[in-house]
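Chemist: Going down the list, the sequences are from chains A and B.
Once you know that position 320 of the first sequence is 320 in our numbering, the rest is easy, because the numbers rise by one and skip nothing.
Once you know that position 255 of the second sequence is 255 in our numbering, the rest is easy, because the numbers rise by one and skip nothing.
Worth double-checking, as some hints may not be accurate.
You can't tell identical chains apart in this list, so a pair holds if it fits in one copy or across any two.
Dumping the calculated BS3-like pairs for lysine-lysine here, alpha-carbon to alpha-carbon at most 30 Å [unchecked claim]: (1) Lys661 - Lys60; (2) Lys624 - Lys187; (3) Lys183 - Lys624; (4) Lys179 - Lys624; (5) Lys183 - Lys4; (6) Lys60 - Lys378; (7) Lys87 - Lys187.
No lab work stands behind these hints, which were simulated from the structure alone.
Note that the structure is predicted; figures quoted are calculated from it, not measured.
Protein chains: 2
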Amino acid sequence: MADKDPLVVFTPSGKRGRFPVGTPVLSAARQLGVDLDSVCGGRGICSKCQIVPAYGDFSKHGVTVAKDALSEWNAVEQRYDEKRGLKPGRRLGCQATVQRDVVIDVPPESQVHRQVVRKAASARVIEMDPATRLFYVEVDEPDMHEPTGDLERVARALRQQWDISGIEAAFPVLAGLQKTLRKGAWKITVALHKPHEDAVPRLVAAWPGLHESGLFGLAIDLGSTTIAAHLTDLDTGQVVASAGVMNPQIRFGEDLMSRVSYAMMNPGGDAEMTRVVREALDTLTVEIAAEAGVDPALILEAVFVCNPVMHHLLLGIDPVELGQAPFALATSGALSLSAVEMGLGALSGSARIYVLPCIAGHVGADAAAVALSEQPGKSDDLVLVVDVGTNAEILLGDRSRVLACSSPTGPAFEGAQISSGQRAAPGAIEAIRIDPETKEPRFRVIGCDLWSDEDGFAEATAQTGITGICGSGIIEAVAEMRIAGLMDPSGLIGSAEQTGTDRCVAEGRTHAYLVHDGTDEGGPRITVTQGDIRAIQLAKSALYAGARLLMDERGVEKVDRVVLAGAFGAHISPLHAMVLGMIPDVPLEQVTSAGNAAGTGARIALCNVAARREIERMVREITKVETAIEPRFQEHFVAANAIPHATDTFPELSKLVVLPKVAFGAGGDGDGGGGGRRRRRRG
Amino acid sequence: MADKDPLVVFTPSGKRGRFPVGTPVLSAARQLGVDLDSVCGGRGICSKCQIVPAYGDFSKHGVTVAKDALSEWNAVEQRYDEKRGLKPGRRLGCQATVQRDVVIDVPPESQVHRQVVRKAASARVIEMDPATRLFYVEVDEPDMHEPTGDLERVARALRQQWDISGIEAAFPVLAGLQKTLRKGAWKITVALHKPHEDAVPRLVAAWPGLHESGLFGLAIDLGSTTIAAHLTDLDTGQVVASAGVMNPQIRFGEDLMSRVSYAMMNPGGDAEMTRVVREALDTLTVEIAAEAGVDPALILEAVFVCNPVMHHLLLGIDPVELGQAPFALATSGALSLSAVEMGLGALSGSARIYVLPCIAGHVGADAAAVALSEQPGKSDDLVLVVDVGTNAEILLGDRSRVLACSSPTGPAFEGAQISSGQRAAPGAIEAIRIDPETKEPRFRVIGCDLWSDEDGFAEATAQTGITGICGSGIIEAVAEMRIAGLMDPSGLIGSAEQTGTDRCVAEGRTHAYLVHDGTDEGGPRITVTQGDIRAIQLAKSALYAGARLLMDERGVEKVDRVVLAGAFGAHISPLHAMVLGMIPDVPLEQVTSAGNAAGTGARIALCNVAARREIERMVREITKVETAIEPRFQEHFVAANAIPHATDTFPELSKLVVLPKVAFGAGGDGDGGGGGRRRRRRG
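Model the full structure from these sequences, guided by the hints.
Modeler: Structure, rendered in structure tokens:
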């Protein structure tokens, strides 16, 4: 770089240097370490290296760029533009050469490490740095005088043309390599999988000529109830299709503990559950690929997040140890393995699988994925992240330290074990308000945006009917009953006399609140019973007790903010959650939803190899707290039974809503019955 | 080590050092780097570290060893002796401690790198250094307060107790690890596979407690006709069983080229051939394990050597490119892969496969194995190694350089395409002598040690009959005919008049020599026909021409010695081979047989990981010569058609035998007809 050579400034990186006249922009970018993509290695055929020269005065850079700063369009660019079309102002970085001082912008889609903005509320982005990448190579033809194998000549081409050494080939690729080379006239595109810095690059696919149909990966959130998959373009990071199926293991048990029991009671039961979930994954793979119009053979990676029991059943490990203390995992570390050895046949035969590490026997790879997505360890203030499901995974932390536990909330939050409960589906009540004066309810059902007291509601819901209450609906119902004075802090529902409304009806020795009587239209009579209240109390007490245990461990009495994760978390009303005492008292605006954070964590790990090392490190550093053996968990659990809480004050909540001081029990303040005794163990 | 501390001298290594009183012998050995085995890590349960203290004056070492030089027998040794018996004079190195100056012998069976003497004539030994080894570990029990996976605690135990870091687990082992740990009460033996220095140690098996049923590997020579396997104890290096089966691919074609043709002509034909050979390998594995009384699940490694076509068909690669110039291999490098991905189900599910590298498109991993076994590159004199089979693989070299080629001899040397030819089996003539005076033959058949002119021959062969001539028999027959003057240098058989014996009978326009007429006993009439002579001439010319081509390339006119490899090589008479002009002229005592050198090479690679690196390096350094494109090959081939040779003199041979100057052709010295034209291509 002589002083009189033209100056080249790249934006947005700001990297700059002087290069001799005639240097291709791609070469200049490479020498400066500018993030400019190329699959064909500068041969003018892949078009990945598109750049935008900027003309005029740039005082910021101290450069004036003349119109002839780059070479004229050449034949390669001309041909490319005719065939494919080049956006106005764009040049191919490998063809355009530097003639004078120039400022060159690298648009996001030409960056290897381009950033993908997540759809979720959070502004966090995924930086693309996938384990599998494409390389176009021109391979020497075989020569009898120097007899090396075709694979060895591909390896030499990668060494010479891409400075990549010591590859090894996946077995299925080896079988097809000779045909591919000859079909491509010794010009091929290879996909190399390099899952970490020190890994030997693995040849996982090869295509004749320049491969342009993309490269895909699956981010899979394998839940006890639902398997959700995102088919992701490993080049752009875009999700090209999402799909979910029910986990077919449900027929062996709705919750995890019943599946563990099934494995314990039935010899071969674990293998059977492994078989059905792998079949479901294969089916899901075929369907999601078809939906996106993608050949499943182009799916070269899959990343899994799941709870520990699903983790073991996916891997073909008997989960029996997870059903009893000390809840020992067969392996807690991250796993990198082949789709074939995992028994997944629908992906490419060379596809690689990455399973996130588990945090502990009850805190799985799904919780690790939430940690990767929500990054409590990078939070300046103290954040509580709660992934609400059948088990709640709870993370508490900031830059100094992160703690984790799981808490056995049971399935009440998902509408199970609730008298009128149902899964979130059209017809289910998902939101409810009770007038504090009249004690009359109004509600909304899934599939209709109208409230039940608005015009047209009956017509709009005629199709679905009003079929029950889903998880978010029951939380709101119980909280609203507390706000409206229909239920006292101990959780006891008052009688019609005590509450002044006929909607409080006697049911044996307790009372229930009538939300909707659909019997005239042939629908169900939907009530919130005393039993429902107890089930919700058990669930919310477990959740709150888990959070408090982490706060104890951390030595704090309050947290700065709360993040609700999980698909369900997205639908919980923060105010109602706080009235219920599910979560600690924080300013309401400090309660946010992270959506399906576990799924997002899976996508991050799929798109960025460094994130895999990051979560492996994070998991090692997380302080694990086992709720099952902490005596204080039981104390916190009992204290949290009251609504919102027996002893903890909720000052932020009281700024928003005044909870009526009512008491319907014999003594006027009963604890409401046996929460501790009836508490379920995990599941 | 203080000056006044006792001196410990180990034999045979001669390593010595001073150690504090009370140091266990095993610890002293480890500190000095003495090769003393231990699986249990010094816990007194594996008995691998047995040593023999020597008492008395050792002027060589400058030591006098008193009777109390080592500690008294302790309870552990007592118990071991009672349960298992300790040979007289033996001690457990981990229990006996140093008390005074002592000389300690490490018997061969206590050495990790013990040497195994090969059965073959050569005095070379295999030094044990297998890729897979056993380690006994005591693993921490799971702890809820510190929730790590069982695998992670096994890894920690290996780190703490054996200084082995960063293991990864084979998938099938992971599934059974929890049960194994609990069954062994947290004491287990693991097998770790570490195929090279930088490899991540891979957990490939685990057993409760101390595993004492051994660890096995298969060395497999996968030939076109026969698959031979040696089941080898990976601890002792001993072959515990050997077995062979016919290669079932024979039904798709007897020789390699006809199998390549089958793959070309029949879509899916290559996959079919891959399937049957893998099935045969599974069957062979089950049989050989049963024969040795070994659980096939204990077979954790297999090493393959084979020619390039078998190599590709084993790996599931279409061999079509090997059927046409430039004979490009899909891959020439060594391969390390799992038995599962190779479709071999009879071995352990975690078994690892190593396939030796191929040298060139016609010079396979079998030739590489011969090079590993015979080490031409370590020879002080110039050695020619010939592996005789359907193709001959030829190596020429010494310390300065090694060259290799293959030559298309065709199947005549194996008795195929010979009128009375047959495979080597009971009843086949394997040796023959013709009286130069009477022209009468006498012979020996396989299955009987008597010559045909000895008493009792008829009775001894009544069972098998005299059924044909095998490969070594036809070579001797043709050579004897030349010595007896029944055939001239051009290969033409004389008439009864020309030779003076009625055994030379007319067959159309040519003559045949009657070896044995068994028609009276219902057996065949066995002759050597003019066509048989031509077939042998083609084969031996190809072999000699290949050797000469390497000699040209090396710039020499003679070699110092010849090694005949291959099962067939073991049966060839060196004198007759030289009369025939199969091999260059050398002193007869310089022609030796190496037996099944390819199989030995496979065993070496199985037992010693360093040997794998060695052959990979050797193969890279070998000068490859392609006979198919060398014009001089054709010249050498034509000149070698005469018996022993048209132009080369055989001075060493002429010291032993005077070949009669006869000529039976029209011109008296005819070349004998069209060897060059009728030459077959490879097969």
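Chemist: Each hint needs a verdict: does it hold in this structure or not?
Modeler: To see whether the hints hold, each was checked on the structure:
1. Taking the shortest Cα distances, Lys661 and Lys60 never come within 30 Å of each other, neither inside one copy (66 Å) nor across copies (100 Å).
2. Taking the shortest alpha-carbon separations for Lys624 and Lys187, only the inter-copy value of 26 Å comes in at or below 30 Å, while the best intra-copy value is 52 Å.
3. Proximity of Lys183 and Lys624 under a CA criterion of 30 Å is satisfied inter-copy only: 28 Å between copies versus 55 Å inside one chain copy.
4. In this assembly of identical chains, Lys179 and Lys624 lie within 30 Å of each other by CA distance solely across copies; the values are 25 Å between and 52 Å within a copy.
5. For the homomeric pair Lys183 and Lys4, neither the shortest alpha-carbon distance inside one copy (47 Å) nor that between copies (77 Å) is at most 30 Å.
6. In this homomeric assembly, Lys60 and Lys378 never come within 30 Å of each other (Cα to Cα): the closest approach is 33 Å inside a single copy and 69 Å across copies.
7. Taking CA atoms no more than 30 Å apart as the test, Lys87 paired with Lys187 passes inside one copy only; the shortest distance there is 27 Å, against 67 Å between copies.
Comparing the model with each earlier hint shows violations of hints 1, 5, 6; every other hint is respected.
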